[in-house]
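Enquirer: Make the full structure from the sequences, and use the hints.
Listed in order, the protein sequences are those of chains C and D.
Residue numbers for the first sequence, in this note's numbering: 1 to 580.
Residue numbers for the second sequence, in this note's numbering: 1001 to 1252.
Keep in mind that the hints were calculated from the coordinates and are not lab data.
Take the hints with a grain of salt, since some may be wrong.
As the list claims (entries may be wrong) - Calculated Cβ distances over 12 Å to all of chain C for the following chain D residues:
#1 Gly1118
#2 Gln1172
#3 Met1222
What the hints assert, rightly or not - Derived coverage of chain D by chain C (criterion: at least 3 residues anywhere in the stretch with Cβ under 8 Å from a Cβ of chain C; other residues may be distant):
#4 1013-1020
#5 1026-1033
#6 1058-1070
#7 1095-1107
#8 1144-1158
#9 1177-1188
#10 1213-1219
To be verified - Selected chain C positions facing chain D (in silico; Cβ < 10 Å):
#11 Leu33
#12 Ile127
#13 Ile374
#14 Ile378
#15 Thr430
#16 Gly431
Just so it is clear, CB atoms sit at the ideal spot from N, CA and C, and this is done for glycine as well.
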Amino acid sequence: MTVSRSIPGNGRAFRVFTTDPRSLAILYLLLALVSVILGTLLSLAMRIHRIWPAFSFPLFGVPTPEQYLALVTMHGTLMVFFVLTVVPQSAFPNLVLPAQIGAERMALPRLNAAAFWISLASFLVLIAAFCVPQGAPISGWTSYPPLSAFPVAGPGQGTGMDLWLVSIAVFCIAAIASSASFLATILFRRTQGMSFTRLPLTVWSWIASSGLTITAFVVLFAAAIMLLGDRHFGTSFFLPAGEVINGIQQRAGSGSPMLWLHLFWFFGHPEVYISILPGMGLASSILANFTRRPVPAYSMMVAATLLIGVLGLGVWGHHIFVSGMNPYAGTAFGLTTMAIAVPSSAEVLTWLAMLFRGGRMRLDTPMLYTLGFISFFIAGGLTGPILAQPALDSYLHNTFFVIAHFHLVMAMAGVFSIFAGIYYWYPLLTGRRMNEFLGKLHFWISIIAAYGTFFPMHYAGLAGEPRHYAQLAGPVESFASLIPVERGITWSALTLATAQFIFLFNVFWSIRRGLPAGENTWHATTLEWSPETHPINGCGPYEYGPQAQSETDFHPQWLAASSKVSASGEPGTTPAAERE
Amino acid sequence: MHWLPPNGALHGIALDHLLRSNLTIVFWLFIAAQMVLLAAMFLRRRPQQNASANRRHSPRFILFAEVLPLVAIVCLYGWMIVTSHKLWAARRESAVAQRAVEVEATGIQFQWYFRYPGSDGIYGTLRPQLVSAPTGNPLGLDPQDPHSADDVVSSILMLPAGRPVDLRLRSQDVIHGFFIPGMRLKQDTIPGMPGHIAFTPEMIGDYPILCSQVCGLGHARMQARLRVVSPADYDRWLAGREHALANVEAAQ
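Expert: Structure (structure tokens):
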């Protein structure tokens, strides 16, 4: 199956069954689009049910408490795996990674292509959980046993839970396969002259996030298989002794649910960095591109990226401060978590410094979304050091304060960097730019509505409101005063979701109607914008200047070190010495 | 802080103070950073005269714009971890007071049960095979164990004001989260792994008890009540409670 249009970036036609990375990127983006639409609808259903509990959904009715929890589970799973992992860690690397290092093709191309089809299979298995008797699982995306170990523990914990576990295990295989392919490509397929000190920061991010993917998803895969074993094959990794559910004694085990908590979060925390590190690399590149200045302290940025990757493997315990684990472990994980805040802060300060000296930066849509990404990354990141303190977390854990934290720092920052990437690289796929006016409208509505949705959740969390509650009312009336806040959150969420129609329209309308993008649309320096397919690399990734404020002076990586670009994009003749 | 529910616990005063100072610092850092973003967007400066000299960011610029702020932030993180560790260590890394009131909370889908060890100060043995809510033995208390006889089981958590409490946490089925917002207290109950948490209720009053870890379809309604009363009222209440096994034995 072929589509008549070729993809301008590599001159090849879009194909469905292919090893061509640009085509795979489109397939991944379509998978993520379906997932994000579904995940958003699920979250809107939750928001609506919370403030209008009697509202009957068309073709569905009023959600029961277990259906509300199924919405929570599936929303989290779809968004974390099929949006925030698939786009930054599968779609974007396929889109530009080989091009950015001048690779002719991916190393392990068939493995890389298979990863997409395995991801799709995982997605279909997950969606099937909606369609089985009792529906989708209700134990949240973290699926703590014994709730997830015994089908009698709740509706959806039977076949629905099995499908969830199989889906996750299959997804792990896909994530590991594609990451292995990316790492091999970066190690062995760099073009002549592309030394490690000349890699764009996006590529460094993919080195870190692919390393994390391989390390973390292996553990999640093992945990999922072990839990399936507990459910069906008589093992008891996670089953405690003396288990009684609903008055009925269950199979006694000799394991502990604590093991799942550690294994799951050993995956779960690196997962956050897997989905945000590529966005951080992209932010650095776009800031350099649109402020027309090099990234200051490039080697420090590389070190910070790698440090986040390494430290990211040692902070999982801050998710389980209140699990009753040894208080000294709480102290230790608090320290490692504060430690990882340092390289993250260093990256943020670098971005702010670039903006501070930005001068006449251009505010095209990719830049706007990058600024939005930074804004959310700071807003959500700053509550990180608060939650890193076991003493404070013992009040805030599993309240809406935590929901506000991770939706700002992971979900909103993640989605805004996805938008930045799509607006930025759109010309590579279509030869056209997305409409700027619609892009800016989409940006301003989205950022205001996103803050309106997630910022008030801090307040609800400080008031003590726990997560996963279908209803605010109950025997305990203490949250009645939060209902006006909840109402505002729901209206903001509805606005935020509605604004995405502008984006969808823009994406499809601009395929044929967008302004022709020309070669090197943004006057960028990195190799994905090279007019040749297999360029030889001549210099570092962010050689903007010497008249840093001027739009015309930059040195793309595909030009030899001795030449310079003039306004037309043609090589000039200034010797290298003069540039310094 | 008026955003938080009224605090009734001894350690809550220090915790609220720490939380307030953390939130204040973080809020102003948030405002400052967003101001830099907005200024960069809207106050776009003219190109500098001597632009060619500025191609590279000078070491001076990197020192003042990056290194010094980073050092300041590292100091801030250091202060945060040290101050909060003092609070954590005082609460969690020290032994429970000798004269503490002993209570055990058990999470069962979807309610909380509270057990007092009685005058002997020792909890009776629990056996999973004896669990039977319809016959009045929801915890599976073993009638053969002499320590069981004076155990008291309640669906309300009654505590005397001003005395330290050693709360034992356990779950019969799935992981629950024992959460008393007014006591600034939260810890999971892990089946098979009983835990402990110590605190001192100071203010007389009623406090909601919630479940903070998703535990099944009734998670949102898994609520109970803590009633903090004067020590005299507490003693009177405890003395007036029927022993947990009284009804069980009558039924047998």
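Enquirer: So, for every hint listed, does it hold in this structure?
Expert: Consistency of the hints with the structure:
1. Gly1118: About 22 Å separates Gly1118(D) from the closest Cβ of chain C, which puts it past 12 Å; holds.
2. Gln1172: It is violated; Gln1172(D) is separated from chain C by about 5 Å at its closest Cβ, not greater than 12 Å.
3. Met1222: Given a closest Cβ separation of 9 Å, the condition is violated.
4. 1013-1020: holds (count 3)
5. 1026-1033: holds (count 4)
6. 1058-1070: Coverage by chain C holds for the stretch 1058-1070 of chain D (6 residues, Cβ < 8 Å).
7. 1095-1107: violated (count 0)
8. 1144-1158: That given contact is violated, which follows from only 0 residues of the stretch 1144-1158 of chain D lying within Cβ reach (below 8 Å) of chain C.
9. 1177-1188: holds (count 8)
10. 1213-1219: That given contact holds, which follows from 7 residues of the stretch 1213-1219 of chain D lying within Cβ reach (below 8 Å) of chain C.
11. Leu33: violated, 29 Å
12. Ile127: violated, 22 Å
13. Ile374: holds, 6 Å
14. Ile378: Holds - the Cβ of Ile378(C) comes within 10 Å of chain D, reaching about 5 Å at its closest.
15. Thr430: violated, 27 Å
16. Gly431: violated, 29 Å
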